[in-house]
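Student: Going down the list, the protein sequences come from chains A and B.
Residues 1 to 436 (the numbering used here) are what the first sequence spells out, left to right.
Residues 1 to 204 (the numbering used here) are what the second sequence spells out, left to right.
Just to be clear, a hint being listed does not mean it is correct.
Unchecked claim - In silico DSS-like pairs for lysine-lysine, Cα to Cα no more than 25 Å straight-line:
no. : chain 1 : residue 1 : chain 2 : residue 2
1   : A       : Lys203    : A       : Lys191
2   : B       : Lys93     : B       : Lys176
3   : A       : Lys279    : B       : Lys176
4   : B       : Lys26     : A       : Lys184
5   : A       : Lys184    : B       : Lys89
6   : A       : Lys360    : A       : Lys410
7   : A       : Lys25     : A       : Lys48
8   : A       : Lys37     : A       : Lys149
9   : A       : Lys37     : A       : Lys71
As the list claims (entries may be wrong) - Every beta carbon over 10 Å from chain A, so not counted as near; a handful from chain B, in silico:
no. : residue
10  : Glu24
11  : Ala41
12  : Asp63
13  : Lys94
14  : Arg118
15  : Val122
16  : Gly125
17  : Glu126
18  : Ala167
19  : Ala170
Keep in mind that the hints were calculated from the coordinates and are not lab data.
Ideal Cβ placement from N, Cα and C applies to all residues, glycine included.
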Amino acid sequence: MGDYEPVLLRNVGVEGAATIGVYKKRGGYRALAKALKMTPDEVVEEVKAAALRGRGGAGFPAGVKWGFLPKDRDVTYLCVNGDESEPPTFSNRVLMENDPHQLIEGTIISAYATQSSIAYVYLRVEFHELFHILQRAIDEAYAAGYLGKNILGSGYDLECYIHRGAGAYICGEETGLIESIEGKRGWPRNKPPFPAVEGLFHKPTVVNNVETLCNVPHIIERGAGWFTGIGPPGSSGPKLFCVCGPVNRPGCYEGPMTITVRDLIYGDAYGQGMIGDRKVKAVLPGGISMGILTGDELDMKMDFADPAEYGLLGLGTAAAVVVSEDTDIRVVLRSIAQFFAHESCGQCTQCREGTSWMYKIARRIAAGEGGPGDLEVMYETAGNLGMMPGLSICGLSDGAAFPIRTLIEKFRGELEQHVREAPDEIEQRSPSTVRS
Amino acid sequence: MAWPTIDRQSPVTDSDAPPLLSDEVKAKIRSFFERYETRRAALLPALHVVQESLGYISWRAMDEVATVLDIPASEVFDVVTFYTHYWTKPRGKKTIVVCRSITCELMGAGVLLEAFKRHLGVGEGETTPDGAYSLATEECLAQCDHAPCVLINEKKHGRVKPDDVPALLADPDNDKLEVPRSDLYDPVLGEDATTRPRGGERKG
Ligand SMILES: Cc1cc2nc3c(=O)[nH]c(=O)nc-3n(C[C@H](O)[C@H](O)[C@H](O)COP(=O)(O)O)c2cc1C
Ligand code: SF4
Ligand code: FES
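Whole structure, please, built from the sequences with the hints as guidance.
Tutor: Laid out in structure tokens, this is it:
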């Protein structure tokens, strides 16, 4: 894996890469010039042929999504999803902080392909530094004639605005994001209608993830065949992976979707093993929403298909947090439950109530006060929460259910032992014992 | 961005107070209108500007934002209370946000939070008596590779150890960004920015 040549991260660590001059010197904005000589439909076809699957979590093919836009539309909007709030995911941040023009170029090409007149970049508000970096890059792109009226003399016009969020995970869900741009609380909408038909301001709208759009210039420049040549069928193209927790080299890395969780933790090009050679007890490999693996399941491939073989919901954000052997599994359970109880938007009764009850129980178990039946109630609640039984408006509830269900299934022994015979509270460990 | 003053004396309900939003703030809010199909869509940017200018979003400010956007005040209130980044009471000059999500927790955020509490002498959600700092926690800040992480106003700090806390608190630049700023969402403080009454402070 050591000889993989990064594509998406090629400018990371390069001096001045966030400025337009350096970006162009390194080949930037060539793809845009090429795309503007193609027809919008040709661009869509190229992205379709590349089978670029969405990197935001659901893995839906981008070209197919663009193809859902009604033919006879007047106004189209493109929303760039930079809400990135799923623990422990930070790859969009790395892309935007280090190489904002790559995203802008991908956005312009995708907006052209979908004939969008405005692109809104939805940024979570906690990205303060990043906001300034990206806004400056957008200003540079306007000044260079890549945004605004008659881009590069093509007759195509595009405005690009950053819309800052205000602290709500649910605004990463595409219809929650749309509501939030409209100036409302981020309450997801029932689907259908899908955004491609009726989205922002009731107009046809495409929502794509930052990493998805960063792939687009490379597909245009090097062709769909190059893209499908990377990684296995169904999971093609370069992919970013995050790894964090008690590993020697936490970070965001790029590779083909042939790597395993083990590579991500131990590989020289990735996490380089565990701090102090501790054993892996568990991994949440796709963000916290997709479910959990035990230390014996590290052969799972980080692609779109394999996670299901391990009982997980999907590849998710391909961001892994590693839990070491000396961590009490109740910490993980409580943390997951707390996150979803805090972030449920409260619209659907079983999600609002279910997530907060699961948190109450998890907290009780963590405090050494778990009682008989607690695990069963939690397990049952997790089974009756989500879109899968058809009860909720958005996917957050499945994301709350899967990690808790898989954690109880895979770590039942340890949890039962705590509930049964060890009414002890979790001790707080100092970070100095974790990382020197 | 610094939230310049703190006012813990005045009542939170200030709807009978004199107008709060300056003409510059209102003009800044209106400058967002051209970006969206509806005025209402300028609500989040408007609230950011208001909060940065006043230090928090008071009832009176919500009312005035509603007037500028031509929407019911109840809808402004609805949005303000939905998002965790908007606050309706004054905070300290700087807000410290400690990440409490999974990676940071595994890397010692719990102990770190305790250290901040000890050194500041306040609990979560509270402000120091001198108005210098407020302490808060948030879910994942998307910097898990630098866990445990902290935000001080706009500035992020990674791999913070409990022993680092005193020096971090003593550093006057602990909230200064190193990148060039865009003033798009910045507060409008007027010429006499340092002396102008803010945050519900009353005159006569
Ligand atoms: C609760 C929830 C949170 C989400 N958060 C994000 C997010 O932060 N960023 C993102 O790109 N997609 C997020 N998604 C997925 C989006 O709904 C949507 O599928 C995605 O932005 C589409 O882009 P893509 O097809 O390019 O992946 C989230 C979904 C759910 C259900
Ligand atoms: S499933 Fe949960 S987060 Fe999604 S809309 Fe319903 S209540 Fe909100
Ligand atoms: S878990 Fe703390 S930044 Fe992600």
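Student: Check the non-interface label on B/Asp63: least C-beta distance to chain A beyond 10 Å or not.
Tutor: Check passes; 16 Å lies beyond 10 Å.
Student: Taking the minimum C-beta separation from B/Arg118 to chain A, is that value above 10 Å?
Tutor: With a cut-off of 10 Å, B/Arg118 remains clear of chain A, as the shortest Cβ separation is near 13 Å.
Student: Please verify that the nearest CB of chain A lies beyond 10 Å from B/Ala167's CB.
Tutor: holds (16 Å)
Student: Over 10 Å from every CB of chain A: does B/Glu24 meet that, or does the non-interface label fail?
Tutor: Fine: 20 Å to the nearest Cβ keeps B/Glu24 off the interface.
Student: For B/Val122, is the shortest CB-to-CB distance to chain A above 10 Å, so the non-interface label stands?
Tutor: With a cut-off of 10 Å, B/Val122 remains clear of chain A, as the shortest Cβ separation is near 19 Å.
Student: Does the claim that B/Glu126 lies off the interface hold, with its Cβ farther than 10 Å from every Cβ of chain A?
Tutor: B/Glu126 is indeed farther than 10 Å from all Cβ atoms of chain A, at 19 Å.
Student: With the threshold set at 25 Å, check whether the alpha-carbon distance from A/Lys25 to A/Lys48 stays at or below it.
Tutor: violated (29 Å)
Student: Hint check: A/Lys37 vs A/Lys149, CA-CA at most 25 Å. Holds or violated?
Tutor: holds (16 Å)
Student: Hinted pair, alpha-carbon criterion (25 Å max): A/Lys360, A/Lys410. Please report holds or violated.
Tutor: holds (21 Å)
Student: Please verify whether A/Lys203 and A/Lys191 have alpha carbons no more than 25 Å apart.
Tutor: Distance ~15 Å between A/Lys203 and A/Lys191 Cα, so the pair holds.
Student: Compute the least Cβ-Cβ separation between B/Lys94 and chain A, then decide whether it is above 10 Å.
Tutor: holds (13 Å)
Student: Sort out whether A/Lys184 lies within 25 Å of B/Lys26, counting only the CA atoms.
Tutor: Given that 25 Å is the threshold and the Cα spacing comes to 20 Å, the pair holds.
Going down the numbered hints, you'll see the structure goes against 3, 7, 11, while the others check out.
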